[in-house]
Amino acid sequence: MTQNKDNFEKLYYDFNNLVYTIALNYLQNIEDAEEITQDVFLQIHQSLHKFENKSELKTWIYRITINKSLDFIKMKSSKKRLFIFGNKSQNESEYLNSSNFEHPGVLMENQENAKILFLAITSLTENQKTAFILSKVDGLSNPEIASIMELSISSVESLVFRAKNTLKEKLAEKFKEYRKK
Amino acid sequence: MEKENWINEILNSTNGMIHVAPNEGLYSKIEQKIFLNKNVVSIKTVWLVAASIVVLISLNISALQNKKVTTNETSEAIIASTLNQSNQLY
Numbered sequence: 001m002t003q004n005k006d007n008f009e010k011l012y013y014d015f016n017n018l019v020y021t022i023a024l025n026y027l028q029n030i031e032d033a034e035e036i037t038q039d040v041f042l043q044i045h046q047s048l049h050k051f052e053n054k055s056e057l058k059t060w061i062y063r064i065t066i067n068k069s070l071d072f073i074k075m076k077s078s079k080k081r082l083f084i085f086g087n088k089s090q091n092e093s094e095y096l097n098s099s100n101f102e103h104p105g106v107l108m109e110n111q112e113n114a115k116i117l118f119l120a121i122t123s124l125t126e127n128q129k130t131a132f133i134l135s136k137v138d139g140l141s142n143p144e145i146a147s148i149m150e151l152s153i154s155s156v157e158s159l160v161f162r163a164k165n166t167l168k169e170k171l172a173e174k175f176k177e178y179r180k181k
Numbered sequence: 001m002e003k004e005n006w007i008n009e010i011l012n013s014t015n016g017m018i019h020v021a022p023n024e025g026l027y028s029k030i031e032q033k034i035f036l037n038k039n040v041v042s043i044k045t046v047w048l049v050a051a052s053i054v055v056l057i058s059l060n061i062s063a064l065q066n067k068k069v070t071t072n073e074t075s076e077a078i079i080a081s082t083l084n085q086s087n088q089l090y
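Heads up: the protein sequence lines correspond to chains A and B, in order.
With the working numbering applied, the first sequence covers 1 to 181.
With the working numbering applied, the second sequence covers 1 to 90.
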């Protein structure tokens, strides 16, 4: 039993930064990212015996983290929808309306631009968001992303391409505001 | 051109980004949650037990009702057997 505990602790310290950062990329909020990190490791603890090594452990942990993050966003958006008398928000940006989110992992000189990018990311669909975050923000290769998302490499390439186009459109609109300043 | 440069700067703003560590006390919180979870019975178990109890009670009620019908039939049979079959009173 002590060995299991030691193994789990080691696993936690091997992957906690990865899980926390991914959660931050999605949720753009430190407290929420910590909550999701806890939920992810709780699930890992409960499900580790079922892990059948069909994929790498890291891939499996990525998947759990992404699913938990997306579910959290949906849950928060639903609560907000109820509060504003059932009006459906077009995307989850009503929840993630934190244009002042400073990601602690971003270089200081890029913080202002990164704030704009993270806000724009909230307008992407779930799959585009995941593909873009893993590719551009987390720096994974397309084969790695394909393994995590259980898609073909060409599907991932398509998602990243569409995500970038969507972001460029959003940012083009944002540029007009930027110019006025 | 200025717009495109600006957009590219934004898109590249996460270059060089690193993974960050959560709060140091987070592992303790996770340990606590694991401990709490071990002592909690799952909802599925609760429903299974509840369903088993309902089935058991239903079977018992059904058995009791059958017994009552059987007892009544037995009583009637006893009464019928004590009656004089020949209809002779003497």
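No lab work stands behind these hints, which were simulated from the structure alone.
It should be emphasised that the depicted structure is a prediction, and the values quoted were computed from it without experimental measurement.
Be a bit skeptical, because a hint or two may be false.
The following label-pair restraints were derived from C-beta to C-beta distances [what the hints assert, rightly or not]:
1. A:Ser-154 to B:Met-1: 26 to 36 Å
2. B:His-19 to A:Lys-168: 25 to 35 Å
3. B:Leu-64 to A:Glu-126: 56 to 66 Å
4. B:Leu-36 to A:Glu-173: 46 to 56 Å
5. B:Val-20 to A:Glu-9: 34 to 44 Å
6. B:Leu-36 to A:Asp-14: 50 to 60 Å
7. A:Phe-51 to B:Lys-68: 32 to 42 Å
C-beta atoms are modelled at their ideal positions from N, C-alpha and C, and glycine is treated no differently.
Against the structure, the hints:
1. A:Ser-154 to B:Met-1: 26 to 36 Å: 32 Å, holds
2. B:His-19 to A:Lys-168: 25 to 35 Å: Hint holds: Cβ distance 27 Å, inside 25 to 35 Å.
3. B:Leu-64 to A:Glu-126: 56 to 66 Å: 57 Å, holds
4. B:Leu-36 to A:Glu-173: 46 to 56 Å: Since the Cβ atoms of Leu-36 (chain B) and Glu-173 (chain A) sit about 47 Å apart, the hinted range of 46 to 56 Å holds.
5. B:Val-20 to A:Glu-9: 34 to 44 Å: 20 Å, violated
6. B:Leu-36 to A:Asp-14: 50 to 60 Å: This hint is violated: roughly 24 Å between Cβ atoms.
7. A:Phe-51 to B:Lys-68: 32 to 42 Å: Distance hint for Phe-51 (chain A), Lys-68 (chain B) is violated at roughly 56 Å.
In summary, the structure is inconsistent with hints 5, 6, 7 from the numbered list given earlier, while agreeing with the others.
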